[in-house]
Amino acid sequence: MSSTDAPAPLPGVPRRTRAGRTPRFYPPLVLAAAALVALVALIPLVFVAGYSVSVGPAEAVRLIVRPRTGELLWNTVRLAAGCVLLCALLGTGAAWLVERTTLPGRRVWNVLLVAPLAVPAFVNSFGWVSVVPWATGYGGALLIVTLSYFPLVYLPVAAALRGLDPALEETAHALGHTPWRTFLRVVLPQLRPALLGGSLLISLHLLAEFGALQMLRFPTFTTAIYDQYQSTFNGPAANMLAGVLVLLCLVLLLAELRLRGRARYARLGAGVARPAVRARLGGFTVPALLGLGVLIALALGVPLGSLVYWLTAGSSAAIPVEPLLSSTLTSIGLGAAGALLTSILAIPVAWLCVRRPGRLSVALERSTYFGNALPGIVVALALVTIAIRLTPPLYQTTALLLVAYTILFLPRAMVNVRSALAQSAPALEDVAHALGLGRAATFRRVTLPLIAPGLGAGAALVFIAIVTELTATLLLAPIGTQTLATQFWSHSDSIAYAASAPYAALMVLISAPATYLLTRESRRGARG
Amino acid sequence: MTASTITGLTITGVTKSFGATPVLMGIDLRIRPRTLTAVLGPSGCGKTTLLRLIAGFADPDAGTIAFGEETVFADGRSVPPQRRRVGYVPQEGALFPHLTVAANITFGLPRRARKTGARVAELLDLVGLEQRLATRFPHELSGGQQQRVALARALAPEPSVVLLDEPFSSLDAGLREGTRRAVAQALRRTQATAVLVTHDQSEALSLADQVAVMRQGRLVQLDSPATVYGYPCDAGVAEFVGEAVLLSAVLRDGRAECALGSLAVREPAGNVGRDDIGDDIGDNVGDNIGDSGRHDGGAPANGPAQVLIRPEQIRLDHASDAAGVAARVAEVSYFGHDAAVRLDLLSGVPGGPQVTARVSGGDLPATGALVTLTVTGDVLAYPAVADSRPRPA
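Protein sequence lines correspond, in order, to chains A and B. The first sequence begins at 1 in this note's numbering and counts up by one. The second sequence begins at 1001 in this note's numbering and counts up by one.
Just chain A, with the same shape it has in the complex (with noise of 0.2 Å):
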């Protein structure tokens, strides 16, 4: 062979394309997968789109203008925007009292604050509905949601605040201004991005809540679409609806998107070491140690002393072990082949991002975020109405319910997979193709150890999450399929409490173990 002019015959290797000179080459195994996974996570919002503008401007102002949508959308306003300023509240006091001050048993605290999101808001308002019967209407919903929800401000303010650099509030006293003003004037601006996130994601949150809402008898946008679905079944009205709710949600992922970009350098600073100075409690102690206690109690102690209480109550009847048995290896098994489908296909989208960041890979990766903001309802909506024209075999199976677990949960995977594929240097990847490896190779044996950790832990995020899942469960789930969710709601909807307790109480404790690892995972968030 000779290096001169005419190129020596390289057996085997594929002429490479102009792009596949610049570090922006796209392996194209992955690239299909990558774009497959995309368009699946988009069906929903495609069908949606492509239903509104089938139906015409006509039909559609006929069926959306209504008294009835008026109220819907009233209602699912006001709700937010309640829950969305009482969560602020909350969340940044109890955040502010664990992380800054010298409250007794803070790491305590800490946990216990966190705890609500073990408990699936559904079943905290089974427990308020069947202790206090008159929690309903908005006041009740209200009060509900706001304890079910409010450590998703929590947790990323308390992230925020042990991030933050105290030299800036030694500054602000040392300029004069009281611990009271420094707190408004320099700390306040400085959580504002963790605040506004975890709003946006309550109000997502509060847009696709289902059953406590329905449990409560207060109708929103998704409880109003289910009970068109059951009554109409599969009606223009309920397509529409979801129409409307799914703009909602959209307006609000536009803002949020907005807001990670500007997170990130917010972000910059949280390398500082040297924790703040607390400031001391004295007098307040007590108070304040109170007021965490009520609002534990509330958000914990009511839902979980009346599953006990319901869970005694029914012993005088036989606890119904085969259902609840065959219930909890439903859930577990549609859990974790949902676990594992949506870890899987994380993983080329992720890889993608991360490794050849470009307009492409972006626009990918945020197709199959569209997920978090997509109530349950609407994935299950539009998958129903596609199975059934489309691909009737596929409709009632339990292909087409992980193919809705995997669009609704994708984005808690992608988070995990994408974190960890960053933290693991390209270099390794490089020095593994020198060493002689090949792409799957090299993913074998270097890329896929590394993510390991990353991958289980979305894994895991997506299990509990499905395990909890109700609204698209019931909708999509094969005849004869029962998870505990389901037969929990169908229970609870006919006011059998003791019956259903069993089954919320299995969830709760299934739950756990995945809230106890957002605790962990906030830590080293707030260190990295």
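The hints are simulated quantities; they were obtained by calculation from the structure and are not laboratory data. Keep in mind the model is a prediction, meaning the values are calculated, not measured. We put the CB at the ideal spot given by N, CA and C, even for glycine. Mixed in with the good hints, there may be bad ones.
[To be verified] For the chain A half of the interface with chain B, some residues (derived, Cβ under 7 Å), not all of them:
| id | residue |
| --- | --- |
| 1 | L428 |
| 2 | D430 |
| 3 | V431 |
| 4 | H433 |
| 5 | A434 |
| 6 | L435 |
| 7 | A498 |
Once you have looked at the hints, place chain B on chain A.
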């Protein structure tokens, strides 16, 4: 390492742009088997890109790359990195954090060799590490040890060429010297062909058989370390490879008249003082240098010029009445083993040229003292342009 696996490296007309930004503008470089070549240049000159093109992590826009007789890149066809048999030592080692030292070293070997760990002892010995480190994990090693393991891992599959990307830049000064020596020794014992990318001139000069100086995407000089330091091709290279005093001068009959007196002008390197490597590769370099004027033949025989004096050539005499050029000490930077003395020349116009002399640490003048300067040895002359950097070819 068997002799047959080691090859030289030939790079011809390699160009590379990132978007609209040209990074490499026609690199020609021939590296003989079993030599260590340092690619030296400031950050952003394209040297790491060149290394990544050789490894196959990215492909050139044009040109050819060949290992010995085997072309690995030509005409848009590229052998993927896993089939090029290069050893790659990245910055900060990049050991696999989930594997022990032994597993890292045997990573590129066939499965059976990985199982038995057969060559671990031999390779640890080669890079001067103790055997007990074999079971450690990377985070339990010092930075220098990590770099040595990274080299052992790169050498294990007996690569044709070993590529080192600023392997010592992340180490602190104490570890750097020892690690450098161990790495150079291991490379020489295996007789590997090695390319070391660095921005540290002392590293390049002390380790390499030949130094390739890069600037703004071009290869400007390729010579032995002694030639690069003694006969830099232009004033820019002179300043980059060591401290330089550049004074304007007038050449007449082989002597330069400058602020430091009448000095003998050194014969251009093309005629004397260049070793065989320099001769061997001189032709390759010619194209890169373009009309910037390699100093041989570039400097005018008579007339205005610029002369290069190294600070260690300037001798200080404390007696202000000794023969030489009078100067006042402006500033002394003390380094322990020696010191750099900044001097204002009194002979010239006020605010005239300042020169730096390197003197041994034991005998330092006070700031403000009057001294006399003499220059030992001959000096190198360049054309008298304000900026002697290469013009676009």
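Here is what the structure says about each hint:
{"no.": "1", "hint": "L428", "result": "5 Å, holds"}
{"no.": "2", "hint": "D430", "result": "5 Å, holds"}
{"no.": "3", "hint": "V431", "result": "5 Å, holds"}
{"no.": "4", "hint": "H433", "result": "4 Å, holds"}
{"no.": "5", "hint": "A434", "result": "4 Å, holds"}
{"no.": "6", "hint": "L435", "result": "3 Å, holds"}
{"no.": "7", "hint": "A498", "result": "50 Å, violated"}
The structure does not agree with numbered hint 7 stated previously, though it agrees with all others.
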